[in-house]
Amino acid sequence: MSTLIEAVDLKQHYPVRQGLLGRQTAAVKAVDGVNLRIHRGEVLGLVGESGSGKSTLGRNLMMMERPTSGAVLYEGSDLAGRSHKALHPYRRKMQMVFQDPFSSLNPRMTVEDSLTMPLRFHQPELSAAQRRDAAAETLERVGLPRSMITRYPHEFSGGQRQRIGIARGLIVRPEFMVADEPVSALDVSVQAQVLNLFSEIRESLGLTLLFVTHDLAVVGHIADRVAVMYLGQIMEIAPTRALFTAPKHPYTETLLSAAPQPTVGARGARIPMKGEPPSPLSPPSGCVFRTRCSHATPECDAAHPELRSRAPGHLSACIRDDISLVPAVSDRPTSPRRKQSA
Amino acid sequence: MSAISDAPARRPSPLRVFTGPRMRKFMRHRLAMLGLIMIVGLTLTCFFGPYLLPYDELYIDLRARFSPPLTENHILGTDPLGRDIAARLFSAGQISLTVGFTAMVLSTLIGTVIGLVAGYFGGWTRTGLMRIVDAFLSFPSIFLMLTLAAFLQPSPTMITLIIAVTSWMEVARIVEAEVRGQASRDFTAAARMIGAPHWWIMLREILPNVTGPIIVAATLTVARAILLEAYISFLGYGIQPPLPSWGNMLNNAQQYLESAPWLAIVPGVAITMAVTSFNFIGDGLRDALDARSVK
Numbered sequence: 001m002s003t004l005i006e007a008v009d010l011k012q013h014y015p016v017r018q019g020l021l022g023r024q025t026a027a028v029k030a031v032d033g034v035n036l037r038i039h040r041g042e043v044l045g046l047v048g049e050s051g052s053g054k055s056t057l058g059r060n061l062m063m064m065e066r067p068t069s070g071a072v073l074y075e076g077s078d079l080a081g082r083s084h085k086a087l088h089p090y091r092r093k094m095q096m097v098f099q100d101p102f103s104s105l106n107p108r109m110t111v112e113d114s115l116t117m118p119l120r121f122h123q124p125e126l127s128a129a130q131r132r133d134a135a136a137e138t139l140e141r142v143g144l145p146r147s148m149i150t151r152y153p154h155e156f157s158g159g160q161r162q163r164i165g166i167a168r169g170l171i172v173r174p175e176f177m178v179a180d181e182p183v184s185a186l187d188v189s190v191q192a193q194v195l196n197l198f199s200e201i202r203e204s205l206g207l208t209l210l211f212v213t214h215d216l217a218v219v220g221h222i223a224d225r226v227a228v229m230y231l232g233q234i235m236e237i238a239p240t241r242a243l244f245t246a247p248k249h250p251y252t253e254t255l256l257s258a259a260p261q262p263t264v265g266a267r268g269a270r271i272p273m274k275g276e277p278p279s280p281l282s283p284p285s286g287c288v289f290r291t292r293c294s295h296a297t298p299e300c301d302a303a304h305p306e307l308r309s310r311a312p313g314h315l316s317a318c319i320r321d322d323i324s325l326v327p328a329v330s331d332r333p334t335s336p337r338r339k340q341s342a
Numbered sequence: 001m002s003a004i005s006d007a008p009a010r011r012p013s014p015l016r017v018f019t020g021p022r023m024r025k026f027m028r029h030r031l032a033m034l035g036l037i038m039i040v041g042l043t044l045t046c047f048f049g050p051y052l053l054p055y056d057e058l059y060i061d062l063r064a065r066f067s068p069p070l071t072e073n074h075i076l077g078t079d080p081l082g083r084d085i086a087a088r089l090f091s092a093g094q095i096s097l098t099v100g101f102t103a104m105v106l107s108t109l110i111g112t113v114i115g116l117v118a119g120y121f122g123g124w125t126r127t128g129l130m131r132i133v134d135a136f137l138s139f140p141s142i143f144l145m146l147t148l149a150a151f152l153q154p155s156p157t158m159i160t161l162i163i164a165v166t167s168w169m170e171v172a173r174i175v176e177a178e179v180r181g182q183a184s185r186d187f188t189a190a191a192r193m194i195g196a197p198h199w200w201i202m203l204r205e206i207l208p209n210v211t212g213p214i215i216v217a218a219t220l221t222v223a224r225a226i227l228l229e230a231y232i233s234f235l236g237y238g239i240q241p242p243l244p245s246w247g248n249m250l251n252n253a254q255q256y257l258e259s260a261p262w263l264a265i266v267p268g269v270a271i272t273m274a275v276t277s278f279n280f281i282g283d284g285l286r287d288a289l290d291a292r293s294v295k
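Residue numbers (the UniProt record's numbering), protein chains in the order written: chain C, 1 to 342; chain X, 1 to 295.
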């Protein structure tokens, strides 16, 4: 599989300025040295808790925010150093779907205006009628009737708006799409429909997708591979099945054990997480997860764990090879439900 | 998902603005409607009234000096030179209202452009532009205006420009704050991701979302501009006689306050009516257009 887009030692630091002269006193390390390859045609899930930098990483890949340092290689050519103008041809290849369907559509524009807007700048040769046709077609592709093209965003439900947001991304026929928590703001029943839409368009259009979410169930449903992020760094990358059945990083283990089980009475071993996540202003020395890790040893204070290959296609940033971690899903068939005595 | 059927789409009619919830809300605002009616009435009277009067504003009838209102053909009386006050009031109203409106259009334009650019680009652009706004605001505007008026040739055009230059800052501040809010919303980010140019995002994506506050500020600016024009003319730096304006009519009246009070009362009432009406309309629009108050 060929690499479509790649982050190389990507960093996004936000300066914290204080005092009258605005001297920089510290930096929030939202993304801190991320290396990530996304293969053509795959769906990569990016999970992590709030503030782990997953959305920032997505925005960096889109060049919505220019990274502090590092490179973003799109088919091998670096985007980070490019000017606004030089990025223009790439804008058509990469699109984004936003989290909040209420803020991502302009309330004063009809669906037609919102959808045809990208075409104005990327296919100026099209006539107004051709643009309108393309918009109607894309609207059908995301499961809304053509006739809704003249309506305003406030006439739609959250799920429908999210479909329109997806249509706006699709209309320029991109190769790569970042979906930034696209279903987090939706009801569970609507979430399933929108997720299925993503699977569908990915199949039919051969789209490469970076799916940013905090919901492990969502990732399990849609992703081919999963990257787990914590405090601006990637802890583990693995094929979805491998990550759920054989996690190699204590953080992943804890994350998986915290997810609720759909079976009544079924309760895996809860691995309690100690304390709050440390401030990204002053991350712990050594391994960033060591302060909350139940397997931490004194060596972790000094270690700078790099992502290492632990199994085919399975990378983990933990120095301890000796520990055995509890998977979320065991390969054994599930045991019959225990009768609960009150 | 199937809540909205595949019914034929309805194109919003261009008259939608008159039936929308905001319009209804505005119509229910009694004072605002009163203000609107008064302004329309005042404007029509000032621009068409002169055709119904037997005298023009410069005709001097020395035998009829100081006639009180309702004598013979002088409905509102005459001034110390025997000129018909009604005729002068209407012609002064044409000038005062035109100066007020034009100054509003100019200052809203300046304020909107500066606020839009400052709010959209942020950073140093914003700091620079908003400090200029602060600098303008820190001048006592009456003195600034008087100084400018004393150095420049006082003509209606010049007075309009002077008022516009000293009253765009409010609009700039309001627009800047609104735009900053809109610029951080995802649809602006989406437009940038697409590669839309800055001018397009500012004019097509953001401006339509901030028209409400601009309209309110503009209405209140008209009231202020009329008042400012009256100030300058009253102090003798504005519209010069024999051209009448509500301000210089008041100026002429001050020596005769006791003997001929109608000389001051008539233009005074006109100014008050115009200013309060615009303020009422502004209040009504604020209530109707404020996003938080609808739904």
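In short, the hints are calculated from the structure, not lab data.
The beta-carbon is built from N, C-alpha and C at its ideal position, and this holds for glycine as well.
You may find that some hints are simply not true.
Okay, the calculated beta carbon distance ranges per label pair [to be verified]: (1) F121(X) x S69(C): 45 to 55 Å; (2) L137(X) x D301(C): 48 to 58 Å; (3) P21(X) x R17(C): 54 to 64 Å; (4) M23(X) x S279(C): 33 to 43 Å; (5) S127(C) x M23(X): 30 to 40 Å; (6) W124(X) x G76(C): 31 to 41 Å; (7) R120(C) x L31(X): 57 to 67 Å; (8) H88(C) x T211(X): 39 to 49 Å; (9) R17(C) x F121(X): 34 to 44 Å; (10) T45(X) x H88(C): 53 to 63 Å.
Hints and how they fare:
Checked against the hint of 45 to 55 Å, the pair F121(X) and S69(C) fails, with Cβ atoms roughly 24 Å apart. Taken as a hint, the range 48 to 58 Å holds for the pair L137(X) and D301(C), whose Cβ atoms sit roughly 56 Å apart. The hint said 54 to 64 Å for the Cβ distance between P21(X) and R17(C), and at roughly 44 Å that hint is violated. Checked against the given bound of 33 to 43 Å, the beta carbons of M23(X) and S279(C), roughly 50 Å apart, lie outside it.
Distance hint check: the CB atoms of S127(C) and M23(X) are about 35 Å apart, consistent with the given range 30 to 40 Å. Between W124(X) and G76(C) the beta carbons are some 35 Å apart, a value that agrees with the proposed interval 31 to 41 Å. About 44 Å separates the C-beta atoms of R120(C) and L31(X), a value inconsistent with the hinted range of 57 to 67 Å. For H88(C) paired with T211(X), a C-beta distance near 30 Å fails the hint of 39 to 49 Å.
Separated by about 19 Å at the C-beta atoms, R17(C) and F121(X) break the suggested range of 34 to 44 Å. Between T45(X) and H88(C) the beta carbon distance is about 57 Å. The supplied range of 53 to 63 Å therefore holds.
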